[in-house]
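*Asks:* One letter stands for each residue in the lines below.
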Amino acid sequence: MRPWVFALLAYAAVVLDAEYAHVFDIRGVRPDFLVLVLVYGGLYLGARVVTIAGFLMGLVSNSAFPEYLGLSSLGLTIVGFTTGGVWDHLVKANVFVQFGVLFVATLLRDFIYYVVYYRHQMDIFRNSFLPPSVLGAAYTAALGIVVFVLARVWGWRAIAGDSLR
Amino acid sequence: MFALLARLFRENRELSAFIVCTLLSFSLMLLPPPQKDALSAACDLMVRPFRAMKRGGADLAGVRRENEALRSLLITRSEQLRALDRERAEVARIREVVRFLVSSSEEGYLEVVPARVTRLPGVRLSERIEIDKGKRDGVVTGKAVVAPEGVVGKVVSVLQERAYVEPLSAATAGASAVINRSGVMGIVRPRVGQSSELLGWNMKYLESGSDVVAGDEVVTSGLGGIYPPGLVIGTVTSVAEGPLELSVRVQLAVELHALRQVFVETGLRTAPPDLLDAQQESLLRELGLLDALPEGEEPPVLGSGPRTGEEEGTD
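The listed protein sequences correspond, in order, to chains S and H.
By our numbering, the letter at position 120 of the first sequence is numbered 120, and the numbering carries on one by one without gaps.
By our numbering, the letter at position 86 of the second sequence is numbered 251, and the numbering carries on one by one without gaps.
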């Protein structure tokens with residue numbers, strides 16, 4: 001994946017997340033498109049690019065809530081750095097691995113966000129974080145399966161590996 | 166020290182990017198609110214076009230919904246309008262019927278039975294008209310059939326529950342007529358072409374020089390034993406002088422192809438009919454027909470028609 005394609009995807013993910021996420025809403029649970037793009041971007045471009053991308057994506061996505069500006073940036077920076085680095089130690093072209101990475105990455109991002117947001121009200125944090133975030137992480141990871149299937153169909157080797165041959 | 170840090174950053178690019186981004190994130194979080202607002206507004210510019218697009222889409226969807234609702238309302242209103250038009254036509258028809266039934270008479274009252282037309286003549290206008298009243302309702306052969314506008318024809322065949330009428334358009338039909346203005350008498354007959362198609366009506370047997378002009382009203386004369394006198398047949402449309410007699414063309418008052426309701430004569434009553442009850446009178450007043458009656462004359466009961474001359478028929 002070329003960096004400009006990734007930039008385009010990242011921008012699309014920010015717009016999708018900010019304005020059209022309700023389209024994908026299932027009983028209040030929404031997928032995290034930012035994490036989805038970061039995780040697969042890290043698979044192609046490495047940790048450094050997605051760390052910076054995570055910071056910038058967080059900055060734009062947080063613009064609707066100026067009070068917590070920087071919070072999403074922090075979360076996505078950590079997610080980008082972690083997932084970008086972790087791919088070097090995992091079998092990339094495996095649907096279960098990708099599912100797991102996406103699931104944990106989404107949870108990590110939500111955890112960082114909510115733990116700062118509700119730092120003085122940990123009981124609310126538990127209620128807000130656990131049920132919706134776990135379901136949201138599963139939803140995002142499920143979209144990862146869709147990406148994997150598409151990668152197999154269209155021959156994106158970095159995601160689907162040699163399983164096409 | 167600086168050189169060491171620079172070398173460390175060069176050799177650990179991922180880590181250095183992470184540290185820088187993390188520090189920037191914390192810095193952003195610690196910014197004073199006005200600066201946060203300004204920075205957020207700047208970042209928001211990247212998303213704002215799509216937000217406007219989304220709002221425009223929502224507005225468009227609203228307009229579309231409104232359009233569909235209006236369209237649905239329009240269809241409903243159109244249907245209601247059509248129903249009202251039908252009702253209006255029906256009211257007009259009933260008004261004509263009532264006007265006919267309560268119109269004044271001079272010497273007697275025609276007993277009539279109202280009947281609906283169930284089958285009309287075809288294109289050639291020479292076939293019979295079927296009506297929904299028969300022997301059971303007192304209809305007998307040879308009696309006049311009229312509409313509020315004028316003469317239609319005569320009953321030629323009667324069954325138990327329906328009857329057949331020979332209209333004035335039939336090739337063999339004819340009616341003794343008189344020019345209402347001048348009293349000149351003749352017979353109105355259909356004018357038929359070579360292929361038996363109906364061309365119109367002529368008033369025949371008028372001597373040359375008779376007092377007939379276009380626009381004269383033609384009514385039944387009462388001679389012949391079928392049609393009571395004074396019923397409107399039509400209007401003279403043209404008069405041409407011939408060597409022996411006048412050639413007078415007549416336009417029938419009744420539109421035979423648009424008939425819906427007719428009245429079949431069943432007899433003559435010389436005694437005045439019963440007075441209207443309060444409800445009938447109220448209805449007639451509402452229709453504006455009662456005021457049209459001559460002063461001092463009692464309105465007849467519904468179901469009785471006019472008779473403007475003595476009972477004698479013609480054909």
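I should point out that these hints are in silico values taken from the structure, not numbers from a laboratory.
Glycine is no exception: its CB is placed at the ideal position from the N, C-alpha and C atoms.
Please note: incorrect hints may appear among the correct ones.
[Claimed, not checked] Facing chain S, according to a computed beta carbon distance under 10 Å, are these residues of chain H, among others: (1) R175; (2) E179; (3) L180; (4) C186; (5) A206; (6) V212; (7) R216; (8) A234; (9) L235; (10) N345; (11) S347; (12) M350.
*Asks:* Confirm or reject each hint.
*Replies:* Hint by hint, here is what the structure shows:
{"no.": "1", "hint": "R175", "verdict": "12 Å, violated"}
{"no.": "2", "hint": "E179", "verdict": "4 Å, holds"}
{"no.": "3", "hint": "L180", "verdict": "8 Å, holds"}
{"no.": "4", "hint": "C186", "verdict": "4 Å, holds"}
{"no.": "5", "hint": "A206", "verdict": "7 Å, holds"}
{"no.": "6", "hint": "V212", "verdict": "5 Å, holds"}
{"no.": "7", "hint": "R216", "verdict": "6 Å, holds"}
{"no.": "8", "hint": "A234", "verdict": "24 Å, violated"}
{"no.": "9", "hint": "L235", "verdict": "28 Å, violated"}
{"no.": "10", "hint": "N345", "verdict": "82 Å, violated"}
{"no.": "11", "hint": "S347", "verdict": "88 Å, violated"}
{"no.": "12", "hint": "M350", "verdict": "89 Å, violated"}
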